[in-house]
Structure formats: structure tokens, C-alpha cells
Amino acid sequence: MSTATLPQRTETLPQRAMRHPAVVPVGAVIIAVLIGAVIMLAAGLNPVDAYAAVITGSLQLGSLDYTFSVWGFICGMGLAAAIPLRMGEFNMGGNGQMVLGGVTAYIVAAELGLPGVLAVPLAIVAAMLVGGGFAAVSAPLSSRFGIPIIISTLLLSPVAVAIASFLVRFPLADTGSGVAQTPRLPDDAHIWALGGLRYTSVGLLLIVAIMVVFYLVDSRSAVGFEMRVAGANRKFAAYGGLVSSRLALGSMAAAGAVAGLVGAIIVMSSPFRFIDGALVSPGYTFAGLAAALLAGGRPALVPLTAVLFTILQVGGAAMERTADVPRQLSDVVQGVVIVILALRVVLDARRSGAGKDA
Amino acid sequence: MMGVFEWGFVAAVFASATPILFAALAGALCAQAGVFNIALEGHMLWGAFAAVAGSYLTGSAWAGVLVAIISTALYALVLAIGAARFGADPIIIAIGTNLLALGLTGFLMRAMFGVSGSFAPRGLEGIGTMPALAGVPIIGPIFAGQTPLVPLALVLIVAAGLWLRNTPGGLRLRGVGTHPDAAESLGVSVRSTQFWVTVLGGALCGLAGAQLSLGNVTLFTENMTAGRGWIAVAAVILVANKPLWLPFICLGFGAAEAIGFRLQGIGAPQQLTDAAPYAITVVVLVLTRIRFGTRATPAPA
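As given, the protein sequences belong to chains A and B, one line each in that order.
Under this note's numbering, the first sequence has 17 at position 17, and the numbering climbs by one with no breaks.
Under this note's numbering, the second sequence has 1124 at position 124, and the numbering climbs by one with no breaks.
If we strip away everything but chain A, and leave its shape as in the complex, we get:
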């Protein structure tokens, strides 16, 4: 839109290319990868070997099945962050919403003794309800009591993680094993695999379906428009008669429901049990948040940006094994990407010549 107002004749091709919306995100990733390389060099490690291990570890044929399933989880947690981000709110409680979903799915699938045809869908629905309900609490805390959603989600998340951990260690524990985990789910209650794949399941299709729904709601529906208006300017939205408290409730519930779904899928996939820490420690929540920020919350871009963080996440483990570089480097690169993205506002303002008031 800005190109129309600018004198296009005097603009050279490189200048126009620099204005492409992909420049900042791609640039952020390149700079972050370079900074990661500098850090590795400073620590006496070989960045070429490390990044080669990241790529081969995540994209070689044998690991693609696993990579796909992780991509699904990061897309899911990316949605959990992106939906509230659309209206300018930060959902930082993905871990809590995910583990509550996971533990709910386990209880429904294992304890109710239902046949598989019922157990799997019911477990998923219950997980989404619990995850969504838990996340939705933050909306009235914000609109009624003025506690920012970013703070309440961050404070409530460890409470949920602790409750799930307690349930898994005590009432639901597999007493026969020394590990803090539940017993294996009955064969009937395993989420349906796709073809002969070991990790990728119907759950991935569910997440893709939700991504499509989010895209359609965001771009085609009144609610999606209202969310974007509220995100752009809360006061204008209120002037226009939008009830932002209701929008916040809806978007947080939707976000928590997706996070709960991710938890349910992880628990009902191999190794088919809730292992304490196994949902939180891979860092899907922050990888998802990073993907959502990199996509600027735009639904169509989340699956693309999630690819990058999936490669980092899955490849990080391979990098540790074969190049002896600590996998925390993935977190470093993610953090740097986010910091650079925050600075994009400045870059965008400078490039469009809008000045500091933009």
C-alpha cells in the first residue's frame, strides 16, 4: 500500500525488493543464525558442523516422520500464541494449558474404560475444553481486575504444571516404574497413526484443520476483523462498539483449546503415556511463540515460520550428538530472532519513511 504513494520511477529494483514483507523476517533469521555462529566460534566450537548437523538431523529421510510430528506440535503452540496475538495479547501460559490437556486426555482415555472409537475423540474434546477453560480465566482477570494477560498466564502456568506433575506422580502414577509417569494407555486409546508412520498421527491432521479454520475466521469473518481492530487500537475498537473483554475471552479459550489438543496428542502418541516433564521440556511453547511472532500473528504464515523452529528443535538434538554443540543453542537463536523482530518496528518505520510517529 505504501508503494502507491512513493515515487516509483526513481526507485531501483533492489530498493523495491528491500520493501518486500519477507525481508525483515528472513533477515532476522539470517542475522540470528550468524550470531549463533559467532557465539559458537567464541566458545571454540565449529558452527559449520553444527548447522550441518541441524539440517541433516531434522531433514534426513529417516527422521522426517518425527520432524513432521514436532512441526505439528509447534504449529499448535504457535496458534495458541498467534490467536491472542491477533488482538495484541500475549498468551505465555501454553505450558500449563498443554499439560492440563495432556492429563485430562490421559484420564478420559485410561480411566473411563470406553471403547477406542469413543475414547480417542472424547479425550481430545475433554482436553480442549480443560485447556481452553483454564486459559480463558486470564481474560476476566485482565478485563475485570486489570491484571495483564501476559502476567496472569505466566503466573498460572507453573501452577497447572505442578498440579499435572502431582497427579502423574501420585494418584495416576505407574507404581511399577521408577520414572514419574502414568501407566501405558490401553491399545484402544492410542491416537490413530497415519499409514505406517510411527510418530505422525491423525493429530497432525487435526492441527492442520484448526490452522485452516483460524485462517478462514481471521480473514473472512466478522470476529476475525474485530480481533484485528482490537489489536490495532483498543480505544478505537471500544468506540466502534466492540466488547474487547468478550473477544479476549474467546481468543484465550481458543488458544488454550489448541494447547490442550497438543497435550492430548503428545500423551496419546508413542510412548502412549504422560511422562512428567516430557510435554514441557522440549520447549514447544516458546518455539510456537517465536513462530507466531516471526509470522506477525498472521495465520497463513505460522506453518511456514514453524518449519524453521522445527528444524532448530529437532536438529538441536542431532547437533548435540554429532557436533558436540549444546542444544541450548536453539534457544539462543530463537531468542535472538525475537529480539531482532522487536526492532523491526523501527526498521519498518525507517524504510517507509513514516518517522517515529508511525
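Treat the hints with care, since some could be wrong.
Unchecked claim - Residues of chain A clear of chain B, computed beta-carbon distances all greater than 10 Å:
no. : residue
1   : Val-23
2   : Gly-113
3   : Trp-192
4   : Ile-275
Unchecked claim - With a cut-off of at most 25 Å between alpha-carbon atoms, the simulated SDA-like pairs for lysine to any residue come out as follows:
no. : chain 1 : residue 1 : chain 2 : residue 2
5   : B       : Lys-1242  : A       : Ser-143
6   : B       : Lys-1242  : B       : Pro-1269
7   : B       : Lys-1242  : B       : Ala-1268
8   : B       : Lys-1242  : A       : Leu-205
9   : B       : Lys-1242  : B       : Leu-1285
10  : A       : Lys-235   : B       : Gln-1264
11  : A       : Lys-235   : B       : Leu-1200
12  : B       : Lys-1242  : B       : Val-1190
13  : A       : Lys-235   : B       : Thr-1178
14  : A       : Lys-235   : B       : Ala-1240
15  : B       : Lys-1242  : A       : Arg-144
Keep in mind the hints are simulated off the structure, nothing from the lab.
C-beta atoms are modelled at their ideal positions from N, C-alpha and C, and glycine is treated no differently.
Given the structure of chain A, go ahead and fit chain B onto it with the hints provided.
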């Protein structure tokens, strides 16, 4: 009547509260200057690592504290430059620097010291206590077994509160936060004030981290701040930016943590006692809003 057990408990409350106090002071000063600083968690974590690394490499705990203060102030430059200098969104920068701190400390622990999870080398110097105080009534039982950073936190917070309220400098700082345009027209540079307050906040978070890793214990573990920075942010919101109230709030959190340790001692599950300070924080946040009948206020952004 007040036996060893009770004084020991009070001392434990002060020890638990001190890192949160330093971080909350940093957050409150930033809030006064109009910067919503939610990078406290990452800054504190970086400070905790820098303190241990500094103490290990120099052999002196106080050198470690100095390293923590300086390097955390430098780490805070990212937020200061991004938010105060360039006007980028402080929330997004803070999310990035928090994640970066988590990754960098874990990475450096592996790369520099070759250990993962936890770094507690033999001979790592912790900050010394103040046994000279043992004879003084009340102060002795609470502070004799503590590092000097514990009373320092209280002194700094009172000094900062009085400074903010009673001095021209404090007035200027508050002016920057409440009426940036007015402050600017009076010749106070909003950007440079916010810049230096953010850097100072980093230094305070360095002290918070040092107390956590070299004071309360003598080791560094991955993600050892475990949400204390967020409790500090909540405390800042809770007292509506009036730093003189922070000690009471932070001591409340310290008490929740100390009671949790006691309850674990008598067999309560660790998961639930760990979660208690967070749950209590949310409940207290809600209760204060109900009690004062505050209408919904937007997040200070």
C-alpha cells in the same frame, strides 16, 4: 518463646525474599520511568550465572558479585537500546531476552564448564555471612547468617522510595513516566532517562541473581530463577509502582516459599508447595483489585 526455629524461619523468609526484592526494585524504577520491564526473569537468570562464573574464575565471591552487576547491566543494554533508544515494543524484546538468557546460560554452562543441568564445582566461593552481628538483638538472629546483600536490598529499596518521593531527581524520573511530553518540555530527556533506568535495573537484577546463586545457595542450575522474575513483575503491578510497599509484598512471597520448604519437610508433595507462591500471587493480585475497587486499568505498556 521465640526459639531458634522461629528466628531461623524469619531468616529464611528474608533470604527467599531478597532476590525478588532486588528484581522488584528494578521493575518499580523502570515502571516509574514508563518502561514496562518484564525482562527481570532473564536478567536475574543471567546475573545468577555471571555471579557463579565470576566467582569460579576469580576465586572470589565478591568479584563474582561485581561480574554479575556489570554483565547484567550490559545484558540490559539490549532492552535499553531497543525499547528506550529505538522505541521498539519492550514486551517482545523482553520475551526474546528471557529466552536468550535461558539458552545462553545453559549453552555457556556446557561450553565453558562441560556440565549440564547444574554447576557446583568444588571450592566455589559463596558470599560470606555477617557473624559479627550475632550479638545484636533481633537484627542478629535475622541477619547474622545472611549475606550483606540481604540488608542491602532493604536499604536500597527504602532509599529509592524516599529518593523518588522527595528529591528533584526522583520527581524528574516520575515525570518521565507519567507525563513524558511535559518532562521533555522541561528539558528532561525521556529517552536517555529510560535508557539509564533500564541499565540500572539490569545492575539490580545482577544483584538479585548473585544473591540467588552465591547467597542462598552456592551453585548454578539451569533456569534457577524459576519464575521469581515474574513474581517480581507481579509485585510491581500489585503495589501500583510505590516501591516503599515492595518489602512487605516480597516478604510475603518469601514467607510462602519458606513455608513451602517447611511443609515439604513434613511430607507435603514438592509439586504443590512449589506452585503455592504463584497461586498466592494471583489470588493476592485479584483481592487487592477487589478491595480497592480499582476499575480495570490497561497494562502499563
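Status of each hint after checking the structure:
No beta-carbon of chain B comes within 10 Å of the beta-carbon of Val-23(A); the shortest separation is about 17 Å. With a least CB separation of 27 Å from chain B, Gly-113(A) remains clear of the 10 Å interface cut-off, as annotated. Trp-192(A), annotated as away from the interface, keeps every beta carbon of chain B farther than 10 Å; the closest lies near 32 Å. The beta carbon of Ile-275(A) is kept farther than 10 Å from every beta carbon of chain B, the shortest such distance being approximately 15 Å.
Proximity of Lys-1242(B) to Ser-143(A) is assessed by CA-CA distance (about 23 Å); at most 25 Å being required, the pair is judged to hold. A distance of roughly 36 Å separates the Cα atoms of Lys-1242(B) and Pro-1269(B); the hinted pair therefore is violated under the 25 Å criterion. For a cut-off of 25 Å, the pair hint linking Lys-1242(B) to Ala-1268(B) is broken: about 36 Å separates their Cα positions. In summary, the hint linking Lys-1242(B) to Leu-205(A) is not supported, as the alpha carbons are separated by about 51 Å, beyond the 25 Å threshold.
For the proposed pair Lys-1242(B) and Leu-1285(B), the alpha carbon gap of about 15 Å is at most 25 Å, so the pair holds. A threshold of 25 Å between alpha carbons decides the hint, and for Lys-235(A) with Gln-1264(B) the separation of about 48 Å lies outside it, so the pair is violated. The straight-line distance between the Cα atoms of Lys-235(A) and Leu-1200(B) is roughly 33 Å, outside the 25 Å bound, and the hint therefore fails. Restraint check for Lys-1242(B) and Val-1190(B): satisfied, since their Cα atoms lie roughly 20 Å apart, inside the 25 Å limit.
Simply put, Lys-235(A) and Thr-1178(B) have alpha-carbon atoms about 19 Å apart, close enough for the 25 Å limit, and the pair holds. Of the supplied pair hints, the one linking Lys-235(A) and Ala-1240(B) holds, its CA atoms being roughly 23 Å apart against a limit of 25 Å. As the CA atoms of Lys-1242(B) and Arg-144(A) are separated by approximately 22 Å, the hinted pair is consistent with the 25 Å bound.
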